[in-house]
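Chemist: Residues per chain are reported as follows:
Number of protein chains: 2
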Amino acid sequence: MSNKKALICTIGDEILIGQIHDTNSRWLSEELTLLGFEVRERVTIQDRKKAILGVLGWGFQEFDLIIMTGGLGPTKDDITKNTIAEFFGEKLVENKDVLAAVTRIFEKYNRPLLEVNKLQAHIPESCIPLQNKWGTAPGMLFEKKGKMLISLPGVPYEMKNLMSSQGFDRIRNFFHTGTIVFKTVKTVGIGESFLMEKIKDWEEALPSNIKLAYLPSAGEVKLRLTAQGTNTDSLEKEIEIQIDALKKVASKYIYGRGKISLSKAIGQMLQERGETLSTAESCTGGMIAHLITSESGSSAYFPGSIVSYSNEAKMDLLGVKKESLEKYGAVSEQVVGEMAIGACKKFNSSYAIATSGIAGPDGGTEEKPVGTIWIAVSNGKEVETKLLNYQRERLLNIELTAKSALNLLRIWLSK
Amino acid sequence: MSNKKALICTIGDEILIGQIHDTNSRWLSEELTLLGFEVRERVTIQDRKKAILGVLGWGFQEFDLIIMTGGLGPTKDDITKNTIAEFFGEKLVENKDVLAAVTRIFEKYNRPLLEVNKLQAHIPESCIPLQNKWGTAPGMLFEKKGKMLISLPGVPYEMKNLMSSQGFDRIRNFFHTGTIVFKTVKTVGIGESFLMEKIKDWEEALPSNIKLAYLPSAGEVKLRLTAQGTNTDSLEKEIEIQIDALKKVASKYIYGRGKISLSKAIGQMLQERGETLSTAESCTGGMIAHLITSESGSSAYFPGSIVSYSNEAKMDLLGVKKESLEKYGAVSEQVVGEMAIGACKKFNSSYAIATSGIAGPDGGTEEKPVGTIWIAVSNGKEVETKLLNYQRERLLNIELTAKSALNLLRIWLSK
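In the order they appear, the protein sequences are chains A and Z. Using this note's numbering, the letters of the first sequence correspond one by one to residues 1 to 415. Using this note's numbering, the letters of the second sequence correspond one by one to residues 1 to 415.
Pulled out of the complex, with its shape left as it was, chain A reads as follows (with noise of 0.2 Å):
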């Protein structure tokens, strides 16, 4: 198909005097794009009616698709949807399966269900709800002669719940999208610039229809493959070659596909091992317990961790020696080594992840400072170290190190 072309339209004051980045437009230009689509404008407006009428006029004489997010609340300000349906000439009428779903959520919570509430459950009388199992506010899908529009609530996690579990679909079968197919590989331990530099042959070497993606996070960088085409299962294979190919070169920084988290791949290796581990966490302050117990089965292999921020409780619950701590100071070798050993003992884990270092943006000294962090890996017997050297802000100190410690085990796994 030639493309079709797509406008997003955010409506929100706290988008327009930036005190939110606008993520649903990134996400939804995204996965407009995947589906075939042109995103060839996006706009942010007011919660005001005419600017909304304003982008409703345009809109429907540009594109061929619209999805406006935000200003679908119960709260007096939000507008959008009694400005649809003077847009379209239509009155609001009470629907029973969004009255039914807005009852259900309120029940749910054990909330009494007010006017203001059961106002959420009327809607312009063309309009297709999109059933929201994730707040009160319906999405509100229109087809007029072969255009779309979508509006949805501005929550993002409602907004993509809302278009994963209905919007996609309706799209895909309104406009009869080609396919498209796409799959991606996690990788860990490796920057955007060294991976591309390594995997440089490869990529050059792709099929015209298979187009490569980097994107990169905290510590990671995800590789997306995308397809296109017209039959999915040929596609599929198209893709699963390119994948094998790909191992061939980078094969020692990929550690999943899809959507899985480095916490959930390791914990899949402890589960086929039948092993387990803890953390003993200083610098980390929590952090890698989290990314771990984020992962629902965890108490399978995960017995939990000792935060010793003080150095009374790494003494005191992880046994590290006071000898350590006066000669080599909390941010060594030797103690995150301790820690480690004492989390294994404490937990009686086959494994335990350490870390102690300078987080920020307080705390640094010449010899050691700010971004000086001990990471460590430990059986109870042997210990593997390393030293790590981020100066970034606090938190993202703090993620680098996370990564960087479970991705210290995962070698060591991988062994």
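No lab work stands behind these hints: they were computed from the structure. Computed from a prediction, not measured in an experiment: that's the story for all the values here. Careful, some of the hints might be misleading.
[Stated by the list, open to error] Once the Cα atoms are required to be at most 30 Å apart in a straight line, the calculated DSS-like pairs of lysine-lysine come out as:
{"hint": "1", "chain 1": "Z", "residue 1": "LYS5", "chain 2": "A", "residue 2": "LYS327"}
{"hint": "2", "chain 1": "Z", "residue 1": "LYS183", "chain 2": "A", "residue 2": "LYS50"}
{"hint": "3", "chain 1": "Z", "residue 1": "LYS133", "chain 2": "Z", "residue 2": "LYS91"}
{"hint": "4", "chain 1": "A", "residue 1": "LYS147", "chain 2": "Z", "residue 2": "LYS49"}
{"hint": "5", "chain 1": "Z", "residue 1": "LYS252", "chain 2": "A", "residue 2": "LYS108"}
{"hint": "6", "chain 1": "A", "residue 1": "LYS49", "chain 2": "Z", "residue 2": "LYS147"}
{"hint": "7", "chain 1": "Z", "residue 1": "LYS198", "chain 2": "Z", "residue 2": "LYS50"}
{"hint": "8", "chain 1": "Z", "residue 1": "LYS222", "chain 2": "A", "residue 2": "LYS50"}
{"hint": "9", "chain 1": "Z", "residue 1": "LYS5", "chain 2": "Z", "residue 2": "LYS147"}
{"hint": "10", "chain 1": "Z", "residue 1": "LYS321", "chain 2": "A", "residue 2": "LYS345"}
{"hint": "11", "chain 1": "Z", "residue 1": "LYS49", "chain 2": "Z", "residue 2": "LYS252"}
{"hint": "12", "chain 1": "Z", "residue 1": "LYS222", "chain 2": "Z", "residue 2": "LYS247"}
[What the hints assert, rightly or not] What the simulated footprint calls covered on chain Z by chain A, stretch by stretch (three residues with Cβ under 8 Å from a Cβ of chain A suffice, anywhere in the stretch; the number is not a length):
{"hint": "13", "stretch": "340-348"}
{"hint": "14", "stretch": "392-406"}
Every residue gets a Cβ at the ideal spot worked out from N, C-alpha and C, and that includes glycine.
Using the hints, position chain Z against chain A.
Modeler: This is chain Z only, laid out in the frame that chain A set:
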């Protein structure tokens, strides 16, 4: 002044396909808002002549200030400059100052000055160039019949430097800008609609030059008051009067002002009292410790946490009684209380927060469904507990529990 209206236009396919965040728009939104402009719209377009002409035509009709970023580099697809010249019906002429600046940049990096780079010194006749010490493309400023257009390179670092060094000064002088003051109040422990109900009378009595916005996030609602006028000091005072009135109706939910986090606010309370806090976390899995240690300086009041995911860890490390686990189960008022008392002892801390619950999606029973969560606060002797019931996704359940547990301590400390 009544607010001058601004339009921000970013140009670039990498934004429209979702490859990068549009950080330029957000930064400009914040800065222009602080200068007293009303950023009425933001738009992102492709690097196409027709799209740029469209924005210029409509922009000069509707707005006082237009800022464009992107499409000024030396590559062939950067057509913004030529399109602006065409829009004004002007020729491009070589500007000696700009040529000198471009030449300096190339000398500095020891690179040959190519013909294509010399072209960067060609600018429309009426253009006031903004000297770029950070790259090769000048910023271009135009003053036309009381309105202003500024076109800037898309590289964030260059764009920000050009605005900060020259752009904002020229805007201030040209528009004799008025003043906007905004302040935020942070609340926790009450949902958006209930808070609205609670402060309805106060909101309705706000003077017309002060506007209120509700900005909800997990477990919290931020209130933003924006005042418009001419004098910063008197606007500050006007807002403070309203915030004092707000405190009379909603004080128990307010934990701070500005950008402070809940964990930081609690940290400040603890530091003022010279007291300390530890955590004993089961279902939150280290999230509370992570929130606390995300704040620089937290080691002054936070010795650490025991993440006791297994029953053994609850008994061995926190002193939870075996009989309590057998009689009441791990998710019980009894056990979460013993966890809190145990953490106070182990860390010798003034207070401890404890959590135990079923975060989901698995692990629920008929008696204790997913979302059943007990939280506790203790000072080592007394214990206060609360039963929560969240039925969201695992990560949201964890985050809401962490916020509720921190809030339970905040309320204790506020008594």
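Chemist: Has the given pair, LYS147 of chain A with LYS49 of chain Z, been kept, meaning a C-alpha gap of at most 30 Å?
Modeler: holds, 26 Å
Chemist: Could you grab the alpha-carbon distance between LYS183 of chain Z and LYS50 of chain A and see if it respects the 30 Å cut-off?
Modeler: holds, 28 Å
Chemist: Assess, step by step, whether the Cα of LYS321 of chain Z is no farther than 30 Å from the Cα of LYS345 of chain A, and give holds or violated.
Modeler: holds, 21 Å
Chemist: Between LYS49 of chain A and LYS147 of chain Z, does the CA-CA distance stay at or below 30 Å?
Modeler: At roughly 25 Å apart (the allowed maximum being 30 Å), LYS147 of chain Z and LYS49 of chain A satisfy the hint.
Chemist: Residue count check for the stretch 340-348 of chain Z against chain A: does it reach three with CB-CB under 8 Å?
Modeler: holds (count 3)
Chemist: LYS252 of chain Z and LYS108 of chain A were given as a pair; does the straight-line alpha-carbon distance stay at or below 30 Å?
Modeler: holds, 26 Å
Chemist: At a Cβ distance under 8 Å, does chain A reach at least three residues of the stretch 392-406 of chain Z?
Modeler: Answer holds; 4 residues pass the 8 Å Cβ test.
Chemist: Does the alpha-carbon distance linking LYS49 of chain Z and LYS252 of chain Z stay inside the 30 Å limit?
Modeler: Roughly 56 Å between the alpha carbons, so the hint for LYS49 of chain Z and LYS252 of chain Z is violated.
Chemist: Decide if the proposed pair is consistent with the structure: LYS5 of chain Z and LYS147 of chain Z, CA atoms, cutoff 30 Å inclusive.
Modeler: holds, 10 Å
Chemist: Would the hint linking LYS198 of chain Z and LYS50 of chain Z be met if the CA-CA limit is 30 Å?
Modeler: With Cα atoms ~51 Å apart, LYS198 of chain Z and LYS50 of chain Z exceed 30 Å; violated.
Chemist: Hint check: LYS133 of chain Z vs LYS91 of chain Z, CA-CA at most 30 Å. Holds or violated?
Modeler: holds, 25 Å
Chemist: Holds or violated: LYS5 of chain Z and LYS327 of chain A, Cα atoms, limit 30 Å.
Modeler: Violated: LYS5 of chain Z and LYS327 of chain A sit about 63 Å apart, past 30 Å.
In terms of the numbered hints stated before, the structure departs from hints 1, 7, 11, listed from lowest to highest.
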